[in-house]
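Could you build all of it, start to finish, from the sequences and the hints given here?
Going down the list, the sequences are from chains A and B. If you use this note's numbering, the first sequence corresponds to residues 6 to 324, in order. If you use this note's numbering, the second sequence corresponds to residues 6 to 324, in order.
Derived from the structure by calculation, the hints contain no laboratory data. These numbers were taken from a predicted model, which means no experiment stands behind them. It cannot be assumed that every hint is accurate.
The list makes no distinction among identical chains, and a pair is therefore deemed to hold if it is satisfied within one copy or across any two copies.
Listed below are the simulated EDC-like cross-link pairs for lysine to aspartate or glutamate, each with C-alpha atoms no more than 20 Å apart in a straight line [claimed, not checked]:
hint, residue 1, residue 2
1, K160, E243
2, K67, D182
3, K60, D135
4, K60, D182
5, K67, D27
6, K157, D104
7, K160, D293
8, K60, E102
9, K157, E14
10, K157, E268
11, K157, D135
12, K67, D106
2 protein chains.
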Amino acid sequence: MTRPLHSEEQFLAGLFPLLGSDPSVLVPPGDDCAVLRTSGGSLLVAAVDQVILGKHYLANEKPDRAGRKLLARNLSDIAAMGASPRWALLASATGPELDADWLLRFHQGLLAHAREHQVMLVGGDLASLDFGAVHSLTIFGEIEEGRIMTRKAAKIGDFLYATGSFGLSFPSQHHLDFSPRLAEGSWLATFGVKACMDITDGLLRDLRRLCLASGSLDALLDLEVIPRRSWNGCSASEREALCDGEDYELIFAVPADLAAELESTWPFATPVTRIGRFLPPGQGRIRDAHGTDLITLHGLGFDHFESSRDTTGKPLGHD
Amino acid sequence: MTRPLHSEEQFLAGLFPLLGSDPSVLVPPGDDCAVLRTSGGSLLVAAVDQVILGKHYLANEKPDRAGRKLLARNLSDIAAMGASPRWALLASATGPELDADWLLRFHQGLLAHAREHQVMLVGGDLASLDFGAVHSLTIFGEIEEGRIMTRKAAKIGDFLYATGSFGLSFPSQHHLDFSPRLAEGSWLATFGVKACMDITDGLLRDLRRLCLASGSLDALLDLEVIPRRSWNGCSASEREALCDGEDYELIFAVPADLAAELESTWPFATPVTRIGRFLPPGQGRIRDAHGTDLITLHGLGFDHFESSRDTTGKPLGHD
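This is the structure:
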């Protein structure tokens, strides 16, 4: 092996220039979903995501929960765009560890969650592996013109908001049982929010992506107010809240003059918290109220790809 | 393991009743693609397919050819519906056997083929495996109202036609280098053909699927005229032509009174051959001109899923 795959982002940075462009692609790869215009003029959103045995779920996990998680991860991407999910296609490659009953229950868990959100499973492929299991799901949704939220639209001075709470997703099982923020995302798009993303790889890592996509803005995080998930009587540490990942919450930018209205009209039981502010362009640096560079302090959090690929390095934030 | 996965078809027969129905799904799973109606009224087609290291391509295969194959397999499904491909999403889970250069060249091969057919790669996901590699691609296309070809529309007395030739796909490398029959499929849909499918799992196995979907028609195959692929100076045997699989040709039904016009106006260099005829409903039996039941004689051909999963049995047609 001449050049190991250290980072998904590094690989994608080399790949994206090869993709070309087309008038039908309104939002290209690099956001939570691509946005596409059909010949009829309507807009689609599309994303693909995988779950892998031993990584996103354990061999002794209940198969219906693993299936639910795969769909919910994809729905979280749809939520981040402000779109409505419609159709899904599922490819499964499974080894002899998983039998036909397991695979059927995996589908049943996925389908039960699909019914909750009016998503139709419209295609699939099954293949066999010698070992292990990989399931990939492609989700398609629809969105109205002018309601698209992306990672590119945060502005200097916008407040940074987050739904829900952060950290301890794995021990608390939140990573299996979370509710994708579809209603919240749709409401935010209607309210007029333009910059949004979902948090899968940790608040620090994903916020940095939002900052970089929005013209390399810096951001200030108010560490005191970031809601931390509790589990087993303990609240997440600062580092766990910033770096654990798999929170599946939305973060979004709100112009300062709309913040009071957003807070007073927010119609959900889901907490919404102002956790920071966007600063003038730097290099996507994220600091706390004392000026401490949080990425230098904590690292970038958990890169699922890197951590399980590069066995020479410890996953950051999990040391 | 209590119940091994012997057959994809057996599993799907249990799954399909759980999928439910929705007015937006015009053609549900079970055909080459699903057909979906957007809120704007236009029609989409969608399919997903996988290639797996060691099964669909070998570890020493050139990565660009493996990437091309993954897209071409999906394009063959689009061709079978008479649709035009538009967008694709790719998920790759790879182990340490494949490095970053390999994966980049895999993408390059796929993207070069995508450019040939004006397909945009609009989404992806990368994950790491401990061992092996799985790549799944979802393809989306568009189709006009009234031009959809399915597996359900063959009628008693229709002639059975096929593009190209059959057998020896693996030794001849046809399985890597084939041209998906997109132009041919689109022309057939415009001509008015209503029943079509692509041949991936062998002519016998796939023709039987077409027969069963069209009201359990029987079919007659004219063995003398089925074009056989040649490789290394030898022509495929009868069994190889019927059972090898990965031919990626189209078979389709043509009402007898349109057959002469179809043959005289066929505009492609690709051969088109009348290879049989649809008979009154039986149980999807396929026989030759002497009345021999070809499935009894040869078996159903190659089930990729079954043959590599069930190590206790030999793949049929490969003995």
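We went through each hint and held it up to the structure:
1. Taking the closest pair of Cα atoms, K160 and E243 never come within 20 Å of each other, the shortest separation being 26 Å inside a single copy and 68 Å across copies.
2. In the homo-oligomer, the alpha carbons of K67 and D182 lie at most 20 Å apart inside one protomer (12 Å), although the nearest pairing across protomers, at 41 Å, exceeds that limit.
3. When the C-alpha separation of K60 and D135 is checked against a cutoff of 20 Å, the pair qualifies both within a copy, at 17 Å, and between copies, at 10 Å.
4. Proximity of K60 and D182 under a CA criterion of 20 Å is satisfied intra-copy only: 16 Å inside one chain copy versus 35 Å between copies.
5. Taking the shortest alpha-carbon separations for K67 and D27, neither the intra-copy value of 42 Å nor the inter-copy value of 28 Å comes in at or below 20 Å.
6. Proximity of K157 to D104 under the C-alpha cut-off of 20 Å is found in neither arrangement, the shortest distances being 44 Å within a copy and 31 Å between copies.
7. Taking CA atoms no more than 20 Å apart as the test, K160 paired with D293 passes inside one copy only; the shortest distance there is 19 Å, against 71 Å between copies.
8. Taking the shortest alpha-carbon separations for K60 and E102, both the intra-copy value of 15 Å and the inter-copy value of 19 Å come in at or below 20 Å.
9. Within a single copy, K157 and E14 get their C-alpha atoms as close as 17 Å, which meets the 20 Å cut-off; across copies the closest is 45 Å, which misses it.
10. Proximity of K157 to E268 under the C-alpha cut-off of 20 Å is found in neither arrangement, the shortest distances being 23 Å within a copy and 54 Å between copies.
11. Within a single copy, K157 and D135 get their C-alpha atoms no closer than 42 Å, and across copies no closer than 35 Å, so neither meets the 20 Å cut-off.
12. For the identical chains of this complex, K67 and D106 are intra-copy neighbours only, at 11 Å inside a copy versus 37 Å across copies, given an alpha-carbon limit of 20 Å.
Against the hints set out earlier in the document, violations occur for numbers 1, 5, 6, 10 and 11.
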